[in-house]
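Residue numbers (the numbering used here), protein chains in the order written: chain A, 33 to 319; chain P, 2 to 263.
Bear in mind the hints are in silico, worked out from the structure with no lab data behind them.
If you're wondering where the values come from, they're calculated on a predicted model, not measured in any experiment.
Ideal Cβ positions, reconstructed from N, Cα and C, are used throughout, including at glycine.
Hints may be right or wrong, so weigh each one.
[Said to hold, decoys possible] Straight-line distance between alpha carbons at most 20 angstroms, and here's what the computed EDC-like set of lysine to aspartate or glutamate pairs gives:
hint	chain 1	residue 1	chain 2	residue 2
1	P	Lys112	P	Glu101
2	P	Lys134	P	Glu101
3	P	Lys10	P	Glu33
4	A	Lys213	P	Glu33
5	A	Lys213	P	Glu56
6	P	Lys112	P	Glu124
7	A	Lys213	P	Glu124
8	A	Lys113	A	Glu269
9	P	Lys10	P	Asp179
[Said to hold, decoys possible] Output of the computed footprint for chain A on chain P, the stretches with three or more beta carbons under 8 angstroms from beta carbons of chain A:
hint	region
10	14 to 21
11	67 to 81
12	86 to 96
13	103 to 111
Residues per chain are reported as follows:
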Amino acid sequence: MTGTGTSDTGTSEPGTQVPVRKQGLTRRQKTAVSRGVQYAVFVAAVAALAVTADWDRLQNQFAQADLAERMFPEIITLALKNTVLYTVSGFVFGLVLGMVVALMRLSSVGPYRWVAGIYIEIFRGLPALLIFIFVGVAVPLAFPGTEIPGGTYGKVALALGLVSAAYMAETIRAGIQAVPKGQMEAARSLGFSHARAMVSIIIPQAFRIVIPPLTNELVLLFKDSSLVLFLGVTLEERELAKFGRDLASQTANSTPILVAGLCYLLVTVPLGFVVRRLEAKAGEATK
Amino acid sequence: MTRPEIQTKDLHKSFGDNEVLRGIDLEIGRGEVVCVIGPSGSGKSTLLRCVNLLEEPTKGQVFVGGTEITDPDVDIDAVRRRIGMVFQQFNLFPHLTVTENLTLPQRRVLKRDKAEAARVAAENLARVGLAEKADAYPSSLSGGQQQRVAIARALAMGPEVMLFDEPTSALDPELVGDVLAVMRMLADEGMTMMVVTHEMTFAREVADRVVFMDGGVIVEQGAPDQVIGSPSHERTRHFLSRLLDPARAEVEETADRAGKTE
């Protein structure tokens with residue numbers, strides 16, 4: 033009798049039942065076991081954490097309501113406001129510079145391409161912190177007498193802009209290249225010059241493509257603005273991280289850090305939500 | 002003899018080692034409708050794209066309206082304003098409405114004012130029968146409608162010559178007719194047209210002349226009845242028999258013609 037193994041080449045006659053041999057667990061059983069194990073590990077980890085943590089001390093260190101209360105309204109009116117200001121000015125500067133670098137990267141003139149390439153490699157490869165120190169310390173030393181316009185705000189915009197421009201340049205370049213070749217051809221055939229076609233036809237479409245990744249970059253910048261800490265700022269120029277840290281060291285308590293962190297999330301979580309919405313929309317539009 | 006509207010002299014084009022055009026001499030008179038046919042890879046699209054310099058010829062000259070456009074000192078953007086081009090893939094600007102697709106080039110390139118551009122746009126949309134789609138975005142239109150908008154966009158620039166690069170090849174069969182009707186209307190109005198196409202019925206009925214290309218050269222040309230009806234070259238006969246009755250074609254050993262340029 034054939035049909036004992038599946039490797040037989042279809043010799044089982046119609047009507048004869050091919051016995052399904054039980055070899056270990058069925059698919060349904062395997063799924064159940066796998067899931068059960070994963071839940072068990074999760075519950076064990078949470079339980080271990082809950083048992084070993086010193087809750088009283090944690091609450092004392094991180095969740096002192098009166099300390100948190102003392103931070104308002106300054107943490108919003110001063111610190112959050114400054115964080116937003118630093119981020120936006122850095123983003124705008126980075127966007128303009130990134131646009132220029134992206135166009136240089138796509139230029140038909142070799143030296144432009146090389147300069148843009150080198151710029152991107154350097155500023156993507158260096159830690160943002162190093163750029164901040166460089167802008168804060170090295171630039172005034174190297175060019176004595178020069179003032180970066182705008183004081184601390186100008187310095188932050190410069191440092192954040194330099195870093196983000198490298199990333200945005202690559203994003204914008206990819207966006208421009210994602211616009212179908214036929215768009216440029218159609219524009220040229222209508223009598224647009226290359227530059228005019230870029231400005232009127234290609235770049236507007238490229239921007240639609242790169243809005244989600246650029247928004248993502250905004251979130252990254254929002255967090256990186258905390259590096260202002262290393263520039264040395266006046267009381268009025270403090271942003272969330274510095275504000276939280278100062279208060280934490282004054283009071284020898286970590287509650288201000290937690291509150292400052294929550295303020296970051298207040299902005300980054302909704303922005304992240306917006307990014308996902310935009311990405312979903314963009315994905316739908318290209319279908 | 003009157004000056005030809007389009008003229009190519011000993012036109013060559015290579016992509017690397019692949020020589021796509023091997024010396025094309027072609028003249029198209031004012032108001033003439035010329036259909037260029039031939040197997041894929043024969044160089045017919047490349048020839049068309051050389052006429053408005055979307056492809057730079059490797060050697061030879063192209064004249065449009067008496068101006069040598071292959072002259073490096075000529076203002077190519079100014080020349081292209083006189084040459085309308087319609088693409089296989091329509092290439093409408095997807096971020097603009099139908100009307101904006103027509104008005105933006107007029108305003109940016111021809112410097113027409115807003116009202117004038119809008120008037121010309123509406124006029125040309127009406128010509129192609131799409132006045133009611135003025136505010137729609139291209140993505141909401143059918144392929145045939147998009148292609149008619151593309152024709153209207155080219156016409157709004159007031160061209161003296163129209164180039165069509167397989168304008169119906171990307172369309173569902175039932176939508177081809179609308180586009181061909183617009184093209185026939187243009188031909189009847191006396192537009193100078195160069196059309197790369199596989200639509201033999203259109204070539205036969207509308208064209209003044211049919212040019213058959215193969216392997217980068219013009220194999221034969223003449224009146225449609227002659228070239229399509231009773232071709233004198235074996236290559237033309239072979240191509241037409243495969244095109245007109247594809248079900249009867251036989252398997253060829255070296256059927257793949259490398260170097261399709263699109």
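20 angstroms Cα cutoff - pair lysine 10 of chain P, glutamate 33 of chain P
holds (18 angstroms)
Can you confirm whether the C-alpha distance between lysine 213 of chain A and glutamate 56 of chain P stays at or below 20 angstroms?
holds (13 angstroms)
Next pair to validate is lysine 213 of chain A with glutamate 124 of chain P; report whether the Cα-Cα distance is within 20 angstroms.
Not OK: lysine 213 of chain A and glutamate 124 of chain P at ~29 angstroms, beyond 20 angstroms, violated.
Apply the coverage criterion to the region 86 to 96 of chain P and chain A: a residue qualifies when its Cβ sits closer than 8 angstroms to a Cβ of the chain, and three qualifying residues are needed.
holds (count 8)
Counting residues of the region 103 to 111 of chain P with a beta carbon closer than 8 angstroms to any beta carbon of chain A, are there 3 or more?
holds (count 5)
Regarding the pair lysine 113 of chain A and glutamate 269 of chain A, is the alpha-carbon distance no greater than 20 angstroms?
holds (10 angstroms)
Restraint check for lysine 213 of chain A with glutamate 33 of chain P, where alpha carbons must lie at most 20 angstroms apart:
This hinted pair is violated, its Cα atoms lying about 30 angstroms apart.
Lysine 10 of chain P and aspartate 179 of chain P: Cα distance at most 20 angstroms?
Not satisfied, since the Cα-Cα distance of roughly 35 angstroms exceeds 20 angstroms.
Quick one, are lysine 112 of chain P and glutamate 124 of chain P close enough, alpha carbons at most 20 angstroms?
Judged against 20 angstroms, a Cα distance of about 18 angstroms means the pair holds.
Are there three or more residues in the region 67 to 81 of chain P whose C-beta lies closer than 8 angstroms to some C-beta of chain A?
holds (count 3)
Given the hint that lysine 112 of chain P pairs with glutamate 101 of chain P, does the C-alpha gap stay at or below 20 angstroms?
Satisfied, since the Cα-Cα distance of roughly 14 angstroms is no more than 20 angstroms.
Checking C-beta pairs, does the region 14 to 21 of chain P have three or more residues closer than 8 angstroms to chain A?
violated (count 0)
In summary, the structure is inconsistent with hints 4, 7, 9 and 10 from the numbered list given earlier, while agreeing with the others.
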